[in-house]
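Respectively, the protein sequence lines represent chains B, H and W.
Just so you know, we're using the numbering used here here: the first sequence kicks off at 1 and counts up by one.
Just so you know, we're using the numbering used here here: the second sequence kicks off at 287 and counts up by one.
Just so you know, we're using the numbering used here here: the third sequence kicks off at 602 and counts up by one.
Just so you know, not all the hints are guaranteed correct.
Unchecked claim - Pairwise CB distance ranges (calculated):
#, chain 1, residue 1, chain 2, residue 2, range
1, W, Glu1013, H, Val387, 35 to 41 Å
2, W, Ile788, B, Met126, 52 to 58 Å
3, H, Leu337, B, Ala181, 48 to 54 Å
4, B, Asp185, H, Ala496, 37 to 43 Å
5, B, Ser188, H, Asn497, 31 to 37 Å
6, H, Tyr352, W, Ile788, 58 to 64 Å
Unchecked claim - In silico PhoX-like pairs for lysine-lysine, Cα to Cα no more than 20 Å straight-line:
#, chain 1, residue 1, chain 2, residue 2
7, H, Lys368, H, Lys458
8, B, Lys18, H, Lys399
9, B, Lys273, H, Lys399
10, H, Lys368, B, Lys18
11, H, Lys501, H, Lys399
12, B, Lys18, H, Lys401
Just so you know, the hints here were simulated from the structure itself, not pulled from any lab data.
Virtual Cβ for every residue (Gly too), placed ideally from N, Cα, C.
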Amino acid sequence: MAVAISWRENRLVQDRIKRAIAYTIVMIMAFAYIFPLYWLVVTALKTDVEIFQQPPPIFPPDPQWQNFGASTTYIPFWRYMWNTIAISGLTVLGTVLSCTFIAYGFARIQWPGRNILFLIYLSTIMLPSQVTLIPLYLIFRDLGWVGTFLPLVVPHFFGSALYVFLLRQFLLTIPQELSDAARIDGASELGILWHVMIPLMRPALAVVALFTFVQTYRDFLGPLIYLQNQQDWTISLGLKLFQNMYGAQWQLMMAASTLAMLPTIALFFFTQKTFVRGIALTGLKG
Amino acid sequence: MGWGAFLMTIAIRRPRLSKQQRRSLLIGLLFISPAIVGFTLFNIGPIIQSLQYSFTRYNILQPPRYVGLNNYLFLLEDRVFKIGIQNTLYMVLIGLPIHLVFNMLMALLLNTKIKGLSIYRSIFYVPSITPVVASTIVWLWIFNGQFGILNEFLRFIGLRPIGWLTDPNWVKPSLIFMGAWFGGNTILIYLAGLQDVPHDLLESAELDGANALQKTFRITLPMISPVIFYTIIVNVIGYFQYFTEAWVMTSTRDGSAGGVANSAMFYSMYLYQTAFQQFKMGYASAQAWILFMIVLVATLILFKTSRWVYYHAEE
Amino acid sequence: MSEKRISRRDFLRASLAAGTAATLSTMPAGLTYAQEQAFLNYWTGWSGFEFDVLQGLVDQFNEEHANVYVNMTTVFGQYEKVLTAIAGGNPPDVVSAVWLHQLVQIASQGALTPLTAYAEAAGIDGSKYFPQLWNNWWHNGELWGLMCTSNARVLAFSPPALAELGMSEPPSSIEELDEACQAFEIIDSNGNIERVGLLPDNLTWWAHVFGGSLYDEDSGTITANDPVNVAALEWMAGYWSRLGPERVAAFTSGFGDYLSTQNPFFVGKEGFKQVGEWFIQFQKQFAPDLEMDMIAAPYPDGGRPNCTTFGGSVFTIPTGVMNPDAAWEFIRWLSEDDHMGEFCFNIQNIPPKVGAATAERFVRDHRFQLALDLLNGPNAFGPPKIPVNDFYNSRLGEAETSVKAGMLSAQEALDRVTEEVQRELDMAMM
C-alpha cells in the first residue's frame, strides 16, 4: 500500500514538474510569436530619430499616434484597402456559390462516374499555379482583362477543388433520408439544395468564406501580375511600393502594415470557432 | 464545355444506363458544370498551351516563333536557373522538415491539457493570417543589419552581429526562421489531429507501462500520420512555389530581386522575372513545365513511400 | 404627359449629376476634362520635387492645348511596370520611365512606336542636339525616343570636410582618392562603420574610367572581362574587403532615404558620392547649408581623364496607344528649348540640346559646367546599343555584389558575365 501511495505521489510531483516545464516553454514561444507584432506597433509609434536609436527604445517615451494617420495619406491607403476588400469579397462570393453547387453535384446526386471525375478534379489541388500562370495571363490579355480585377475574381466563380472537397465531405455526413423525404414531397435537386442543405451547410460555408477571404486578402503574386494602375492596387502591392519608394520611412511603413493587418486579425477574433473548426476539417480528412 | 459534352455522349451511348440513371447523370453534370468549365479553361487548357509555348520564343509583342527544344537546352546551361532550383530544394529539404518538426513539437506541447489553450492557439495562429507583405516588412526591420533588434540582441549578449539578409550564407536560414513564425496553421492542424487520438488507447498503453516518449512514437504519431502526410504534401507543393516572402525581403527599387549573388533566388521568382520582367514567355513556360514535372515526381515519390501512413478503420 | 417627361428628365439629370459627382470624387483633383479632348496617360520616373517641377510644365501644356489633357503618374520604384503595361495591352500613351540603356532593347522587342516620321515632320533633325545623345536614340534606322534631360556622372564631395582632414585639393588620381577615402573612415569601438570615404559603385563607370569598355560594336562581342575592367572591379571590391563586407552591408542598411535630408552624404556618412549634375539640386533642396563641389572621377595610370558615362530617361510612345499624334505633340512641346530648359534648370539636369545647355543660368554654376564639359568631351560613354542590355546590367550588378561580398574573384565574375551575356546576345540575334 505504502509503496503504491508514494508511487502515486511521485507521479504527481513528476507531473507537476512536467507541467511547469511545458508552461514555461509555451510562454516563451508565445512571447516569441507576439514579439514581431509588438515590435511592428512600437516601431510605428516612433519618431524618425528614435527609429535609428541604438539601443532601440523598447517603448517610445512619446508615442507618435499621428503616424497612423500620416501613413494613410502617404499612400492612398483607404483606396487600396477598399480594392483589397472588394476583390476579396467578390472572390468569396464566387467561391462559395460555385463550390456549393459543385460539391452538391459530387456528394448528393448519384450518377455514374462521379467518383473518378471527382478524383481527377481533386488532383488539381496539387497543380503548381506557375504551370498555368503564363497561358492564363495571355488569355486574360487577349480578353483585355489585364489591369482589371477580373482575372483575380472570375476564375473563382468556377470552383476551387480544395473547398469543393471540404464541402463534399460535409455533405456526405448529412443523412440521405433528408433528401429522400424532400424528393418524395416533390422537391427538385435545386430545391433540396436551397431549402434543406444550405441551412445545414452554414458552418461549412462559413469556413470556406473565411478561408477564401483571408487567402485573397493576403495574396501578393496575383495582384502583382494583373493590376497595373496605381489606383487599382491592393494593400499588399501598396505596402511593397511604400518600401520601394520611401525606403527610410520605416515608422510610416510599420503603421500602414499594422493597419493592413487589422482586418484579418479582427476577423479571426470574432470568428475564432469557425477558424478552428475549419483548420481541423482541412487537415483531418486529408 | 467540350469535356461535358464528351462525357455525356459516352454516358448516353452506354445502354446499361437506365432512364433514371441518365437523368441523374445529367443533373449531376449540370451541378458540377462550373467545375468542368473551370477545369477545362483554367487547368487542362493552359497546361497544354504552356507546353506549346515552351517550344517557342515569345515576347507577347511579337508573334511566337517555334524554336524546338532550344528553351530546354538553354535552361540546362542557365546558371541562375540552377541556383533557383538549388535554393528551392534547400527550402524543401531543410526548411520544410525543420518547420514540420517544430510545429509538431509546439502542437504536442499545447496538447498537454494546458490552461488557456485558446489564448495560446490564437497567439500562434494570428501571424499566419496577416498579409504576407505586411509581416515580411516587420521582419525586414527585425533582420536589419545595423538597427535590427536581432543584431541588437546579439551585440547585447556579446556576439558578433549577423548579416541576416545580406550574407549569402545566412539569408536562407533567415527566411526559414521567419517562416516558422508563419506556421501557426500547421500547429493547429496537428493540434486538432492530436485531440482526436482516442484516450482509451493512450490509457491502456499507460497501464502497460509505456512512458511518454513511447506513447508519442508508438501511438500518437502513428494515429495522426494521415495528418502529417497531408501537411507534407501541401507544404512540399507550397515550398516549390515559394515566392512572396523572399520577393519582399530581397527586391530592390529597380525591380530586381534574389539577394546578394542570387542567394535568395527561388524557382518561382526566376520564373516571374523571366515571364513578367523580361517577357520571355516561351522560356518561362519551359521553366513552368519543368517545375510541373518536379512537383509531380515529388508527390509521386511521397505517395509511393507513404506506407508509414496508418489509416485506422473508421469510415 | 408633360409632367411625367419632366420628372423623368429631372431624374436623369439628377442621376447624371450624382454619377458625375461620384466619379469625380474618386478621381484626383484636376482630372476634369472636356469630352473631345485626347486624354493622355503619361508615366514618369521622376518623383518628389522633380515630379512637382514637371507637373508645373504639364499643367502649362494642358492649359495651352485645349484638345489634349496629360495626366502624369510616377512609377518611381516600380519601373518594371512599364514593360508589364505595354505587354499587358494597357500601355500608357507616353512613358519617360525608360532609361537610355534600355531603349534599344525595348524598341527591338516591338514595344515602341518609331518617331522618325514625326520628328522629320516637326523639323527635328539632331542638329541642335548633342550628337552622342542623338545617336543613342536610333536603332535599325528608326528614331525611338527623345530625351528632355540628360545626366553625366561626377563625384561629389564637401571641400570643408576634406580640409578638416588636411587636404586642400581634391584627389585627381586613384591613389589620391584611396588616400582621401581612408582618411575619411571612422569605425567605432564595436567595429561598426560610422563614416566612409566612398563606396565605389557602378562598374560601368569605373570600367570606362580605368580605360576599359563593355562592348565591342565592330565585332559584336561582350568585353566585360577585359583586363582593365577586371582591374577596375578589383579596385572597387578592395574597399569592401578592407572594411569588411558584412560591416559595409550593416552600414548601408542604415542609410536614410536618398531623396531626403537623411541622404547619407548630407548627414556626413560618406565623404565622396557618385552622383550626376542633378545632385546640385538635391543638395540645394535637402542640405542648403552644405558646401559641395564636384570633380571628374580620379583615374589610374593608363586610365581616362575627364571620363563620364551618360544616361537619362527617354520619352517614348509605346505601341498600341490610342492617340500617338497627341502623345508626340506632348513630347515635341516638352522638347522645345524653353520648356526643356525650364525643366532641366529646376532639377539641374543637362538639357540634351546644345543651345539650351549652354545658357547662362546653367553654366554660371561651375559644377554644372564641369558635367557639361564631361558630357561633351572625348571620354563620354553611352550604354552599349544591344538588345540584351538589361540582362547585361543585371549580370554586371550580380558580379559586382558577388565580388564585393568576397564570393568570387573579379576575374571569375567577369568571365562569367562575358560568357552568359554573349550567349544571351547570340540568342537574341538568332
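Checked hints:
Under the hint 35 to 41 Å, the C-beta atoms of Glu1013/W and Val387/H, about 38 Å apart, fit the expected range. Taking 52 to 58 Å as the suggested C-beta distance range, the pair Ile788/W and Met126/B conforms, at roughly 54 Å. A C-beta distance of roughly 50 Å is found between Leu337/H and Ala181/B, which places it inside the suggested range of 48 to 54 Å. Distance hint check for Asp185/B and Ala496/H: the Cβ-Cβ separation is about 55 Å, which falls outside the suggested range of 37 to 43 Å.
Taken as a hint, the range 31 to 37 Å is violated for the pair Ser188/B and Asn497/H, whose Cβ atoms sit roughly 60 Å apart. In this structure the hint that Tyr352/H and Ile788/W lie 58 to 64 Å apart at CB holds, the actual value being about 59 Å. Restraint check: the Cα-Cα separation between Lys368/H and Lys458/H comes to about 16 Å, which is no more than 20 Å; the hinted pair holds. Only pairs whose Cα atoms come within 20 Å are accepted, and Lys18/B paired with Lys399/H is accepted, the gap being roughly 12 Å.
Proposed proximity of Lys273/B and Lys399/H is supported: the alpha carbons are some 19 Å apart, at most 20 Å. Among the hinted pairs, Lys368/H with Lys18/B is inconsistent with the structure: their alpha-carbon atoms are about 48 Å apart, more than 20 Å. Pair hint Lys501/H plus Lys399/H holds up; C-alpha atoms about 16 Å apart against a cutoff of 20 Å. As the CA atoms of Lys18/B and Lys401/H are separated by approximately 14 Å, the hinted pair is consistent with the 20 Å bound.
When the structure is compared with the earlier hints, violations turn up for hints 4, 5, 10 and for no others.
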